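Visitor: This is what each chain is made of:
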Amino acid sequence: MNLAPDLDVIYGSTQLNPGLLSSIVQGLQQAQVKGTFYIGYPVMASADSNTTIDALLVSQAPGMVAFHFVETGENYKEAQDRLFYVLESNLGRHETLRQGRRLGVTVNVISVFPEGEVPTPADPAYPAASPSTVVAALAGMTGIGDAQLYRSVCAAIQRVTTIKPHKKRQHVARPNSKGSVLRSIEKEIANLDRWQKSAAIETPEGPQRIRGLAGSGKTVVLALKAAYLHTQHPDWQIAVTFHTRTLYQQFKDLIERFTLEHLGDKPDWEKLHIVHSWGSSSTDGIYSLACTTANMIPTNYLSAKSRFGVMRAFEGVCNELAAAMKGREFNVFDAVLIDEAQDLPRSFFHIIDSITKAPKRIVWAYDELQNLSDAGMASTPELFGRDIQLTNTPGAPQQDIILPVCYRNTPWALTLAHALGFGLFREKGMVQHFDVPGLWMEIGYMVEKGLLDDGEDVVLARGPRSYPKFFENLLTPADAVQSQGFNTSDEQYAWIADQVAKNLKEDELDPDDILIVLPEPITQRNEYYALRRHLDSRSIPSSLAGVTNDRDLFSQAGIVTVSGIYRAKGNEAPMVYIANSDFCVVGHELIRLRNILFTAVTRSRAWVRLCGVGTNMAILQKEIDGVVNAGFKLAFRIPTQQELEAMRRINRDRTAEEKSQIRKAEKSLEEVLDLVKKGIISPDAMPQLKEILKAMRDKEKPS
Amino acid sequence: MNARQVATMIGSTCQDLRSLDLTSFDNSPCERREGPLQRVSWPVAGGAAARAFPFGSLDQYLSLLQEGAFTCLLFDYSIVQASYDCDGNNVVAHSLLYWPSPVAVRDPVEDLGDLCAAVALCIESPSKASPLCELSLRSPMRFDFDPDRADDDHPEVHLHTQFDDTRIHVDRPMSFTTFVKMVFGTFYRETWNSCPDLARLHEQRVPLMRDERAPVNHSLCLSWSAGRDE
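Protein chains in written order, with my numbering: chain A, 2 to 704; chain B, 94 to 323.
Please note: incorrect hints may appear among the correct ones.
Stated by the list, open to error - Subject to a maximum C-alpha distance of 25 Å in a straight line, what follows is the list of computed DMTMM-like cross-link-like pairs (lysine to aspartate or glutamate): (1) Lys-429/A x Asp-401/A; (2) Lys-306/A x Asp-200/B; (3) Lys-253/A x Asp-200/B.
Unchecked claim - Cβ-Cβ distance ranges computed for the label pairs, FRET-style: (4) Asp-258/B x Gln-483/A: 55 to 61 Å; (5) Glu-217/B x Ser-23/A: 53 to 59 Å; (6) Gln-98/B x Gly-101/A: 45 to 51 Å; (7) Glu-96/A x Asn-95/B: 44 to 50 Å.
Derived from the structure by calculation, the hints contain no laboratory data. Since the model is a prediction, treat every value here as computed from it, not as a measurement. Virtual Cβ for every residue (Gly too), placed ideally from N, Cα, C.
Throw the hints in and build the complete structure from the sequences for me.
Guide: Here it is, written out as structure tokens:
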């Protein structure tokens, strides 16, 4: 992973000659220009029409330069004036870019003529050049000296100035309180990194995969992409879909804001559809829309749940629909953007394939480690049921993009999440690992020691540019990540309630800055009430997301959110308490349990507290201490392919039949143990017991 | 009673009902400032949500569920809402809603989302929803203690039922526990008789702010008071 290229080149939608563009890009690279060269981007609105800038260079030197490629017979001076005004008026809307009454940054415009057609004599007010002289002609442009101003220009061009309306946090009075730290974090100017820029703006004529860590900006990137495609192709039918219902509002807000920045107007919701993967009785989803298209009656959630079970309800209905649509093309959408693809069944992709027009602009973003189901993320051919290769060709939009920078989590929390998710410090050995060890580098780790190869020892650490610097400036690892073990659940809940009370009273956090995660889905309601007793007694209002309020709501102002792990996915909070972390330590389906832990830890934007009870928590704390004592470096041996296979076999999710067999076996063993304790059975009289012990010892021996 | 005491009373009554398996979900009582007063209600903005829609419509019931705008949902998904305004140590207003579930759900639901989905389906097409639930329409009842607006046509404590502008004189304000006991004692006789712990729930008295007014002429008058079963 090259983390510091001089010039990022972003290929938006353009009809320009690729050879011509390539020669300019080479010229800029040879001149060692640092910045971003956007092609076919941005689109800017004026009072009369929308203008797509042919190419735009954003750099500190030679500054911001709009390139206009002159067509035969065109009045280039008028074109330059138009470009200048549209850029100046658009940028002038940003307070951070104004100095007094004028724009604080110079808008340079240059016209590029075919070789030998540059007008003479030159008019200094209207720079003009040919492809071979254009880079030299940039020498006379006005740059952007101030680094802060440059960041603000980047944010404005990338349309991300309004990514999040920041909380005012007016009650924050103490300079070093957690509330004050959060205020500083939220004030940081958002700029897209080079991978996010590519992912947001580049759209190949075919499928595109975006892989990214939790908090790497997948949702923002997809929202930007939807707004950009909608602006570029207002007649396209575009769908944005996702698994977690609470993402709807987030997508709607982001897309509305981004489109407003591009077009100066709201999106046309008849063309741009934000739809849940399934839908509900009152709102369309991709599934219900596809059913209507294929003349099928959609199955509602409650019926599906009773037919296929809670965990497989959506998969069940998608399988039925995909089978009915197989081999048929319905041509509904020109582009489909899918978030949280790791949570969607393969048959959902078959449905998407059927309803998307050629050339199948299907974009899917995912993070494999946030997969809480038993099915791993399928390969691209498996997803679509046909041979599709994703290729990244230089000079063309990329088809396979990894977002390696994590903006949500502190580097310490993320490293801990990976260590616990994979079980890297687990006494009984690793639980899971990437198929391809090189992926560690692509998600922002660097090799400190050893080799990233099968069977090799390696030491990994977060790369210095894989997280924003403000984390190191504002937080410490000791405060960002903490764990706490308890003897009883009640003690644990009392401690959490005390800490939350302290967060609210002394640390100047708001109730909705706090999220308490309950990892075990089955017991979450009872556990919530047990916890709430302590919160209520300290006058701390709380809600159990999706259970004591609607499933589309997650957090509410003035209320501490308690959430089960499924509901917490796709959401985040500055302060996260994970109660009953011990649930994820021992079990038959360790991959799922460890993924739950990974997902829970990666909900935190600043601080995470892992709490739990009993000996299992002590085991987990050993793992946590291992990571902390190693200075958040991951030292381990990369498993071989055979070892990986064995891990998957042992730790995979079990089928319903296997679960039933396990339950029976556990019950029988309990009965035997009880009889042995009561002296009704003598162990000597049951040779099977010795055989069981021997078989277990053999299994535990390292291979 | 101050706001803290009211919140504690609501919380502990909900806990009691939960331990008796009489509720499906309950919310944390939430205190917040409303002008010079302290309001205790469920944890959403407002506290007057029930008044913002056509009184007693199915959409209104669904909307309360979706917003989590309730103190607790009884075992049959009837809504119980309690909102109290306190001025120092005095309760100066209350709104206590009992809304018998307008939908009879065949199998218990796991979360509120499932219930909302069932109700929404029932509103859209009762026949489509029939394997899951069926309509069972009954009027909500809201007991308001609203001394600020009291006059000869507006009893200080009154019951809204059937229509939003119907106000049946009620003899005195109620604590949350009293209200819950009245609901069970009146509308769930079987449960009341089979669950003696309900009658033992401790009630506190909410005093009137001033002398009682006479009932409105030609109007029904209720005498639901604490200690009926004492």
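Visitor: Measuring from beta carbon to beta carbon, are Glu-217/B and Ser-23/A in 53 to 59 Å?
Guide: At roughly 56 Å between Cβ atoms, Ser-23/A and Glu-217/B fall inside 53 to 59 Å, so the hint holds.
Visitor: Quick check: does the Cβ-Cβ distance between Gln-98/B and Gly-101/A fall within 45 to 51 Å?
Guide: Since Gln-98/B and Gly-101/A have Cβ atoms about 58 Å apart, the given range 45 to 51 Å is violated.
Visitor: Given the hinted pair Lys-429/A and Asp-401/A, is their alpha-carbon gap at most 25 Å?
Guide: Status violated; Cα separation ~35 Å.
Visitor: Are Asp-258/B and Gln-483/A spaced within 55 to 61 Å by their CB atoms?
Guide: holds (57 Å)
Visitor: Would you say the C-beta atoms of Glu-96/A and Asn-95/B sit inside 44 to 50 Å of each other?
Guide: holds (46 Å)
Visitor: Against the 25 Å threshold, does the CA-CA distance of Lys-306/A and Asp-200/B hold or violate the hint?
Guide: Satisfied, since the Cα-Cα distance of roughly 12 Å is no more than 25 Å.
Visitor: Against the 25 Å threshold, does the CA-CA distance of Lys-253/A and Asp-200/B hold or violate the hint?
Guide: With Cα atoms ~35 Å apart, Lys-253/A and Asp-200/B exceed 25 Å; violated.
In this structure, the hints that do not hold are numbers 1, 3, 6, in rising order.
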